[in-house]
Amino acid sequence: MAPEYWKTQTWWSLPVYTGDVSGVCSALYELGGMVVMHDPSGCNSTYNTHDEVRWTDMESLIFLSGLTQLDAITGNDQKLVDDIVSAAERFRPAFIAIANSPIPWLIGTDFDAVCRKVEKSCGIRTFHVETNAMHDYTKGAGSALLQLARMLSDTVGKEHRSRPAADGRKLRVNILGMTPLDFTVRSDAYRLRQMLEKEGFEVVSTWAIGDSLTQLSGFPETDVNLVVSSTGIETARWMEEMYRIPYTAGIPVGAFSEVLFRSLRQCAEEQVSKAAYLELLEENQTADTDVQYARCTAGEPVIMGSIAADKILRDGKPCSLIPLTETVQSLVPDRAPHPAGEQQIRDVLGRYEEVTADPMLRGACRSDCRFEEMPHFALSGRMYLNRIRPLFDAMKGNKGYSYEHE
Amino acid sequence: MLKRVTKSNPMVPEGVRIADASFPLPFPRTLEYNAPAHGTWNIVHIGMAVPESHSIYVCSDNCLRGVVMTAAEMGCSDRFHSVTIQERDVQVDNLETITIEGVSDVIAHLPDKPPVVFVFLVCLHIFTGSDEAYIFRELGKRWPQIRFVKGYMDCIRQKEGPSPDMKLRMAEFTIIEPLPLKPERVNILGGDVPFEKDSELVTLLSSRGYDVRQITDCSTFEQFLALGDAAVNLCTYPNGQDALRNLSERTGSRYLYLSAAVSYGEIRSQLQSLSEACGFDPVPEAWIIEQEEACEESLRHLAHVLDGQVVVIDYTAHSRPLGIARLLIEHGIRVECVLLDIILDEEEEAFSWLKMHCPGLMMVATVHPQMALFGRGREILEEGPDGISRDVIAIGQKAAWFCQTGHFVNMIEGGGLWGYQGIQKLCGLIEEACARELDYREIIPRKGMGWPSLCAVPGSEQSGCR
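In the order they appear, the protein sequences are chains A and B.
FYI, the numbering used here numbers position 22 of the first sequence as 24, with every residue one higher than the one before it.
FYI, the numbering used here numbers position 48 of the second sequence as 238, with every residue one higher than the one before it.
Read the hints as simulated data drawn from the structure, not as lab findings.
Within a straight-line C-alpha distance of at most 25 angstroms, the following computed PhoX-like cross-link-like pairs (lysine-lysine) qualify:
1) B:Lys372 to B:Lys387
2) B:Lys340 to A:Lys9
3) B:Lys303 to A:Lys9
4) B:Lys331 to A:Lys9
Not close to chain B: a few residues of chain A, all C-beta gaps over 12 angstroms, as computed:
5) Met153
6) Gly159
7) His162
8) Lys172
9) Gly220
10) Glu223
11) Glu243
12) Glu260
13) Val261
14) Asn286
15) Leu315
16) Val330
17) Glu356
Think of the CB as a built atom: it goes at the ideal place given N, C-alpha and C, for glycine as much as any other residue.
Same shape as in the complex, but just chain A (with noise of 0.2 angstroms):
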């Protein structure tokens, strides 16, 4: 263990990113299913409040079980069975997804015991994902979908349908790891299909924005796979894995959408999976504290790493990513720092002179800095809520986010 390991686990002015539990209730709200997070209180209050833009405008059956110290301490499992019972008698959802906080981790509840009894008593199809509120939400919702597509799996079968790209027909893609944490503005999901539409491809399926779990379950009958965050890389592997559908990650921004949409294809044909903006910034990480001029982007990989490599486009400056969140693996350069805790993102960002990030980091950052702010919901959550603004504007010959220094 490192010594003073303690010091990646204080904050003493920086938030937070949102919890691994409400991840899975953002992935899976639009499904028509039911999630029920075991907990005693305080998530769903946590979620509805800081993590979740939807809850006063769309209704979804997001449940907290009310675990108390008694029922923990004698194992009464049973009651939650029950409670979740009587609850999908009553609303017939579509599946129903079970996540956990802490208490439940330590005492080991066997979730997959819980699942299969409510799935006996009901006949709704039951899964656990795997949390324990210690991790964020790039873990939950990436799990969660991982669930999704393996639930689904089940009903449509592990065959690959996609026919070869080579008879001329359009592409099919799936978009995967898109929930409102990373796309707060909704519109958002709309215009990125449009943008893939426009360039040829077909959308098959959004996990999980704007399409139902009917829309989502076609998503074998794909050529290839879109990840536009952390959260769709897990089942994008499992996808690669089980159906062999290739992936590429990275989101279409300014001068960058032209490279992603080439690698889509390639991606497609090749059939290699890569996150298209590693590339430029293999070539372009500064990190080191000799640059003249450092700049980086910072917060969720993919999102940022677009935004890097749209910007290294533009102007030929190299630029750094700094990842912030917790599912990293396969989407960050190798010479990336990952920081974890507020001291080590201090000295991670005070080292470069340009910053793109959430407003909230700004003060982790050089007071001399050129901050650039991109307000993400996943770290402020309501706090910059008004000034978060569209990463995909279709209507504008695919120009993207566009930025404006602070």
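Based on the hints, put chain B in the right spot on chain A.
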């Protein structure tokens, strides 16, 4: 595993006629929905009310998110800090190392060391058997100039014994040390909504020469500590009772709980108790009669203005929702629904009266899963005996949400209303709610009424997320 001998309840309807309701828990526990009405204070607000205090939460990310963002939205990020718990911390020891070292690391980074720090422990500390005494002893040794106060965010004990809110209020006032008592000093403490200077309770005291202080009068830690010299401590908020009783025992002050009563008899009795506790002459009967007549006039006027409109009350607006229901019904006002999840002991009399005289009054659970359906409160009313859709006046944010109405009294925890004047002001607020419509979707998701709210609300026009 241990087996329960009682069966858990199958899901019951979200509403029950009061005639069929049990006391004090009208609804069995089941899955819980959470309405987007957040005007009430949470433990962050309560802790921050102590001037110059800092709060450090030691908890896992997902649990931390709600409190860290609460602090940010209320503009108190500079007094809020956190230490996150990871799996290894549970394996290394019983969270003692991460708590001591993490809190110390946070404090080391603070440019000015605060006089008092609330360290919030969580459910994990309890379940891993953390040696809390050791943690606080060690912190005290390392930072002798700081007073460490144990706070809890132990949600798992929320429904069994004192809630984290009640325990924090207790902790808050344990900071205050006994001082020589000053007979002219009276504290009104334990609640979150301050009484106005011209409120009945304050004027009753100040007009008799008493120096009335509330926590909102304290802008420095020193002023907060000076609250220990009051001869009398008054509490009007149920969750503050234990804290104020404890404070009074330690300081030797007289303690009096003056519930936010809404019946003339109870108010009379409280006035009597107040005069006895503070040592002033009983309030003149003529004044009492005059006030009761003024209340009657306000209620008559309200009934006339409402003209048969339905009133729905929720428990977040006032600690006496059933008492208010009774008061309004007795004056010819149509209260058809009270939203609550439990009934406080002090409401037992109102409960019994309503059970006997208004058996059809609906009691509706705010956390019941069925309430996740938008406008469910209004639907319940429409499913009533005559099935008529009616305009609804809501008292409280949750009532506004469930009835989807902008005609609501935007009030939490009694709104600083007390006594006869409280009744008259409440009538005025209901009339105001009747006359104008507020943007409830923009107002009610904001946290902690009375604190700044530095955020935009999803769904509102300016949020830009549509």
